[in-house]
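Undergrad: For the sequence shown, position 11 matches number 11 in the UniProt record's numbering, and the numbering has no gaps at all.
Keep in mind that a hint or two might mislead.
[As the list claims (entries may be wrong)] Per label pair, the in silico range of CB-to-CB distance: (1) Ala88 with Met1: 16 to 26 Å; (2) Leu87 with Met1: 29 to 39 Å; (3) Ala88 with Glu23: 12 to 22 Å; (4) Ser71 with Asp109: 29 to 39 Å; (5) Lys2 with Ser71: 16 to 26 Å; (6) Val118 with Glu23: 26 to 36 Å; (7) Gln117 with Arg65: 29 to 39 Å.
[Stated by the list, open to error] In silico DSBU-like links for lysine-lysine, alpha-carbon gap of 35 Å or less: (8) Lys35 with Lys104; (9) Lys104 with Lys19; (10) Lys104 with Lys77; (11) Lys104 with Lys69; (12) Lys104 with Lys2; (13) Lys69 with Lys15; (14) Lys35 with Lys19; (15) Lys69 with Lys35; (16) Lys15 with Lys35; (17) Lys19 with Lys77; (18) Lys35 with Lys77; (19) Lys69 with Lys2; (20) Lys2 with Lys77; (21) Lys104 with Lys15; (22) Lys2 with Lys35; (23) Lys15 with Lys2; (24) Lys69 with Lys19; (25) Lys2 with Lys19.
Keep in mind that the hints were calculated from the coordinates and are not lab data. No residue lacks a Cβ here, since even glycine has one placed at the ideal position from N, Cα and C.
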Amino acid sequence: MKSCLVVDDSRVVRKVARKILEELNFACTEAEDGKQAMETCAVQMPDAILLDWNMPVMNGIEFLRRLRKMSGGDFPKVVFCTTENDLAHIQEALSAGANEYIMKPFDSDIIQTKFAQVGLL
């Protein structure tokens, strides 16, 4: 079973994403900010990370840049999931190492499609 870390400061978004991902046979863990996510990745690197942009403590882009510098940090497929939908944000995310980018609100079909595109399904 593949693992996915869901990183979002919204508990509701984490729960919705977790339900969808568990239906796709992912073992899920959650983090409410980039700092918690870094700590989780230091212990066990997930196969996938569903990542929000705007969070307290450490935002998604800062987390992603640090992740990609960690030992094994190039391994997880990172899918940004955010309300930031302008071209500048999308380009910044992809240049920082994101594999894909989806907009909130999302549904099961969107997550399934994007995870399939990056080779997780």
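Undergrad: All the hints need checking, so say for each whether the structure fits it.
TA: Structure-based check of each hint:
no.	hint	result
1	Ala88 with Met1: 16 to 26 Å	violated, 37 Å
2	Leu87 with Met1: 29 to 39 Å	holds, 36 Å
3	Ala88 with Glu23: 12 to 22 Å	violated, 33 Å
4	Ser71 with Asp109: 29 to 39 Å	holds, 35 Å
5	Lys2 with Ser71: 16 to 26 Å	holds, 20 Å
6	Val118 with Glu23: 26 to 36 Å	violated, 18 Å
7	Gln117 with Arg65: 29 to 39 Å	violated, 23 Å
8	Lys35 with Lys104	holds, 22 Å
9	Lys104 with Lys19	holds, 16 Å
10	Lys104 with Lys77	holds, 18 Å
11	Lys104 with Lys69	holds, 27 Å
12	Lys104 with Lys2	holds, 23 Å
13	Lys69 with Lys15	holds, 28 Å
14	Lys35 with Lys19	holds, 23 Å
15	Lys69 with Lys35	holds, 15 Å
16	Lys15 with Lys35	holds, 19 Å
17	Lys19 with Lys77	holds, 19 Å
18	Lys35 with Lys77	holds, 18 Å
19	Lys69 with Lys2	holds, 22 Å
20	Lys2 with Lys77	holds, 11 Å
21	Lys104 with Lys15	holds, 14 Å
22	Lys2 with Lys35	holds, 22 Å
23	Lys15 with Lys2	holds, 18 Å
24	Lys69 with Lys19	holds, 30 Å
25	Lys2 with Lys19	holds, 15 Å
Consistency note: the structure conflicts with the earlier hints numbered 1, 3, 6 and 7.
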